[in-house]
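Chemist: Spelled out from the first residue to the last, the chains are:
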Amino acid sequence: MIGVGKIKQYSNVLDKPLTKGKQEVSLSAFAFLFSELVQYNQTQVDNIAELERRLEDAGYAVGARVLELLCHREKGNRRETRLLGILSFVHSTVWKVLFGKVADSLEKGTEHEDEYMISEKELLVNRFISIPKDMGTFNCGAFVAGIVRGVLDGAGFPAVVTAHFVPMEGQQRPRTTILIKFAEEVLLREARLG
Amino acid sequence: MTESGLRSHRGDAWLQVAFRQRLFSMAAIYSLYIINKSGGLIYYKDYGSAGRMDTNDSLRVASLWHSMHAISQQLSPVEHCSGIELLQADTFDLHCYQSLTGTKFFVVCEPGTQHMEGLLKFIYELYTDYVLKNPFYEMEMPIRCELFDINLSQAVQKDRVALLGR
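So the sequence lines, in the order shown, correspond to chains C and R. Residues in the first sequence are numbered from 2 upward in steps of one, following my numbering. Residues in the second sequence are numbered from 551 upward in steps of one, following my numbering.
Simulated from the structure, these hints should not be mistaken for lab results. Every residue, glycine too, gets a C-beta built ideally from N, C-alpha and C. Hints are not guaranteed to be accurate.
To be verified - Computed list of lysine to aspartate or glutamate pairs in DMTMM-like fashion (alpha-carbon distance at most 20 Å, straight line):
1) 587(R) <-> 679(R)
2) 134(C) <-> 699(R)
3) 708(R) <-> 667(R)
4) 122(C) <-> 699(R)
5) 102(C) <-> 115(C)
6) 76(C) <-> 154(C)
7) 683(R) <-> 154(C)
8) 134(C) <-> 643(R)
9) 683(R) <-> 696(R)
10) 683(R) <-> 123(C)
11) 595(R) <-> 643(R)
12) 122(C) <-> 679(R)
13) 671(R) <-> 640(R)
14) 134(C) <-> 696(R)
15) 122(C) <-> 696(R)
16) 97(C) <-> 185(C)
To be verified - Which residues of chain C face chain R? A few of them, derived with a C-beta cut under 7 Å, are:
17) 40
18) 130
19) 133
20) 137
Starting from the given sequences, assemble the full structure and let the hints guide the process.
Modeler: Here it is as structure tokens:
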């Protein structure tokens, strides 16, 4: 092995540079873990809305941590304070670290000023998941919606985030859209900042 | 649309129909079965018109094959025999693949069809991906997964096109 024995010894752990670490984990391992997460939560609830909420809460904890980590690692201990800045941070930086690619698209809602959408043709968490017909519009992307909510909330942009299947013309499979609806105070502040 | 454009459009449609008919008449695979480790049929798919069966018949074939497979393991003079892999009859071939967990995959196909082991292994791969990683699938129960169906039909289609090319 190259470089064995050459590792610099740091007396203080805080002096050690924060390495990027290995960038990828096994997709199968993740898929099985996520499948178990969904199955466990399914045993704890008695309706689909509750299941969605639990998955979102699980994602929220991930999001809060991811924000902390990425602000430190990628942003030199700074975080975005403007609406578009934080949205593109989620769309590109967060997505790249979590899913290995930037999200397919980031759009502003046409009907409401406070709505934004991040769309993904095939969300990584949904790669192997087929929703049974009797579960209606349930989407396991609720977990990813939770991550997004965790990041936004931690950065001071409280929002309601939901995941939806959107049928695509000429495509067999619907795409998943993460709908972000910001709280009123966020838009007021944004207007004040100009 | 111009006159010539219309004609060529019609021509395309006709070609497509002919192509599809040829695919079906050359259907290499008649049907696919997946049976769980206790012999219950958990997936059945019919391709083409030859040898179409109703639900009861397919269930019967599945449990019959399960028993025959187990008996063949016991009867075989070879030690640690893994059971029948290929059954050849006058009108069909039956290729079987048993996974380590005891789930059996088998296809009934035209006599002499090649490369069925590869296809069965690939179907097993699809099963591990789109069925076992699906949180809404209950083990040993009938498979109802949209993604599995989509990917399976693509795989079988690809196999047929490859066959046409040969």
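Chemist: It remains to establish, for every hint, whether it holds in the given structure.
Modeler: Structure-based check of all given hints:
no., hint, in the structure
1, 587(R) <-> 679(R), "19 Å, holds"
2, 134(C) <-> 699(R), "14 Å, holds"
3, 708(R) <-> 667(R), "15 Å, holds"
4, 122(C) <-> 699(R), "19 Å, holds"
5, 102(C) <-> 115(C), "26 Å, violated"
6, 76(C) <-> 154(C), "18 Å, holds"
7, 683(R) <-> 154(C), "31 Å, violated"
8, 134(C) <-> 643(R), "36 Å, violated"
9, 683(R) <-> 696(R), "13 Å, holds"
10, 683(R) <-> 123(C), "16 Å, holds"
11, 595(R) <-> 643(R), "16 Å, holds"
12, 122(C) <-> 679(R), "19 Å, holds"
13, 671(R) <-> 640(R), "25 Å, violated"
14, 134(C) <-> 696(R), "10 Å, holds"
15, 122(C) <-> 696(R), "16 Å, holds"
16, 97(C) <-> 185(C), "29 Å, violated"
17, 40, "5 Å, holds"
18, 130, "5 Å, holds"
19, 133, "5 Å, holds"
20, 137, "13 Å, violated"
Going down the numbered hints, you'll see the structure goes against 5, 7, 8, 13, 16, 20, while the others check out.
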